[in-house]
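Student: The lines below spell out each chain.
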Amino acid sequence: MFTQQLMNALAIGSVYALTAMGATLIYGILGILDIANAGAYLIGAYLGWYIYYATGSIVLAFVLSMVAVGVLGILIQKFIYSPILAKPNTLSIIPLVAAVGLFTMSSDLVRLICGPYSLSYNFDFGVTSIRIGSVVLVPAWILIFALTAVLLLILWFILNKTKLGLAWRATANDTEIAKVCGVNTSNAMALSYILGYGFAAAAGIMVGILYNSITPALGEVPSYKMLAIIVLGGLGNPLGTVLAGLIIGFTEVFLSAYTSIPIPKDAIAFVVLIIMLLVKPEGLLGQKNKV
Amino acid sequence: MLEIKDLYVSYGMMEVLHGISVDVQDKELVSIIGPNGAGKTTLIKTVMGLVKPTSGQILYNGEDITNIPAYKRAGMGIGYVPEGRRVFGKLTVEENLQMGAYELKDKAQIAKNIEMVYGIFPRLGERAKQLASTMSGGEQQMLAIGRALMLNPQMLLIDEVSMGLMPIMVNTCFEVIKKLNDEGITVLVVEQNANKALKIADRGYVLETGNIVLSDTAENMRKDDTVQKAYLGG
Ligand SMILES: Nc1ncnc2c1ncn2[C@@H]1O[C@H](COP(=O)(O)OP(=O)(O)O)[C@@H](O)[C@H]1O
Ligand SMILES: [Mg+2]
Chain A
890 MFTQQLMNAL
900 AIGSVYALTA
910 MGATLIYGIL
920 GILDIANAGA
930 YLIGAYLGWY
940 IYYATGSIVL
950 AFVLSMVAVG
960 VLGILIQKFI
970 YSPILAKPNT
980 LSIIPLVAAV
990 GLFTMSSDLV
1000 RLICGPYSLS
1010 YNFDFGVTSI
1020 RIGSVVLVPA
1030 WILIFALTAV
1040 LLLILWFILN
1050 KTKLGLAWRA
1060 TANDTEIAKV
1070 CGVNTSNAMA
1080 LSYILGYGFA
1090 AAAGIMVGIL
1100 YNSITPALGE
1110 VPSYKMLAII
1120 VLGGLGNPLG
1130 TVLAGLIIGF
1140 TEVFLSAYTS
1150 IPIPKDAIAF
1160 VVLIIMLLVK
1170 PEGLLGQKNK
1180 V
Chain B
694 MLEIKDLYVS
704 YGMMEVLHGI
714 SVDVQDKELV
724 SIIGPNGAGK
734 TTLIKTVMGL
744 VKPTSGQILY
754 NGEDITNIPA
764 YKRAGMGIGY
774 VPEGRRVFGK
784 LTVEENLQMG
794 AYELKDKAQI
804 AKNIEMVYGI
814 FPRLGERAKQ
824 LASTMSGGEQ
834 QMLAIGRALM
844 LNPQMLLIDE
854 VSMGLMPIMV
864 NTCFEVIKKL
874 NDEGITVLVV
884 EQNANKALKI
894 ADRGYVLETG
904 NIVLSDTAEN
914 MRKDDTVQKA
924 YLGG
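So the sequences go chain by chain: A and B.
According to our numbering, the first sequence is numbered sequentially starting from 890.
According to our numbering, the second sequence is numbered sequentially starting from 694.
To be clear, the hints were calculated from the coordinates, so they are not data collected in a lab.
Be a bit skeptical, because a hint or two may be false.
[To be verified] Heads up, simulated EDC-like pairs for lysine to aspartate or glutamate below, C-alpha to C-alpha not over 20 Å straight-line:
1. A:Lys1052 x B:Glu787
2. A:Lys1050 x B:Glu787
3. B:Lys872 x B:Glu901
4. A:Lys976 x B:Asp909
5. A:Lys1052 x B:Glu796
6. A:Lys1052 x B:Asp799
7. B:Lys872 x B:Asp719
8. A:Lys1052 x B:Glu788
Please construct the entire structure, taking both the sequences and the accompanying hints into account.
Tutor: The following block contains the structure:
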């Protein structure tokens, strides 16, 4: 039972980490809270569903949906956020309002195009469960861990081991000076969007598989829970986001499994966030003084 | 080498440079002095492409660079040491230097240039793997200069190198600048610390509220009554 919960918590934590990663990468480099990431998550889940039923391939569903949503991210950055941020003295509330608008629009578009009802993923893994000793593993969990691990490793590699990643980190740190060094900073921003939106799309499909149901409201809870996770992780810090996603996943699963605290599951993230901010206001891995 | 012609710059509705002309000859060390808010940083940023002028021209080696985007100016041979150092605090010392060499493809050349910078500032070599934000102000200033040297620039633009540094570090920085100039790098320094800036310079300009009000050889400027009163505490 305990191991079961542990696996479940890991799976949910992974999905949270992946969902919030997009927002983290974007905040890290543009300093805006892109709630529209939750729209990417929703659209990713639906695209994945259609691709799966059209092709019968899980792999294609993930790959094509991630690429398509990643490209959508670049378009949104180029045609919506960039022009907004290019205006002198843009108030930071303006991109936030744009993000909320984009997210609402994506939910309504999905509702209009795909219908207001829920769709079942019914991914067929061939087996319903895998038994190792006394532990029963659900195939969806394994898929989620494995894929999350691979995606996060790729992200880590790009950010820390490539010139592109160095340029990304420099741009996130000081955009003007990165420019002077020769970085085409709008490419670094595009990297945030293609990875961020792509990851959100993968997370959407994972959730569809995990709960076997997607609805046009799929993005609502993540749209605000994501904020708790990225703030908890220390705003703009990718590693912090992974930790925060796991912490929230674990807290939710274990509190609902072993206690009877009368707060709704989705509020737990915020309780954790509030406690955390009282103890360590800069977040898990945030820096006190930004340089 | 660098020629700034009749440059006007505004932030929104507010014009802060009202038709500035400055030129720097090959191998010269030129200082622009002036009080806080005169527009010195704005002038340098405009040369780097970080601020767009409303009119006027910037020529570098005879080429008009006024409308070239900032990131495309990096490989042209101008090194920039920004006001307030602006090192990448979340990157290590070595990564900061690699960013300085972002335009270079050849890894061996990058490694060689990093060693060259460590030769000038041994302190940086000792701290290669340390995050830049954890270093002292003086060390960060060395790093900012080192980063600007990574592409073997023909010219350095140095904004307020002495700001917030201990006197001993200020001297070190000015000595290094002088030495780099002696080795053939053209230098444009903008400074509130007029004393130091005019001591090492060949020529100087005084910038006040967006206008050049005086330009002369550094020697004459040091003797000039108004300059003495206003900037040299004499
Ligand atoms: N980003 C900016 N937006 C608006 N006004 C600015 C900006 N940067 C500088 N200024 C204004 O332009 C003038 C010149 O500033 P600056 O170039 O920093 O002068 P200095 O470097 O000589 O101290 C000042 O009045 C300053 O307030
Ligand atoms: Mg200044």
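Student: If a hint holds in the structure, say so; if it does not, say that too.
Tutor: Now the hints, each set against the structure:
1. A:Lys1052 x B:Glu787: holds (13 Å)
2. A:Lys1050 x B:Glu787: holds (14 Å)
3. B:Lys872 x B:Glu901: With a Cα-Cα distance of about 29 Å, the restraint between Lys872 (chain B) and Glu901 (chain B) is violated, given a limit of 20 Å.
4. A:Lys976 x B:Asp909: It is violated: about 40 Å lies between the C-alpha atoms, which goes past 20 Å.
5. A:Lys1052 x B:Glu796: holds (11 Å)
6. A:Lys1052 x B:Asp799: holds (12 Å)
7. B:Lys872 x B:Asp719: holds (16 Å)
8. A:Lys1052 x B:Glu788: holds (10 Å)
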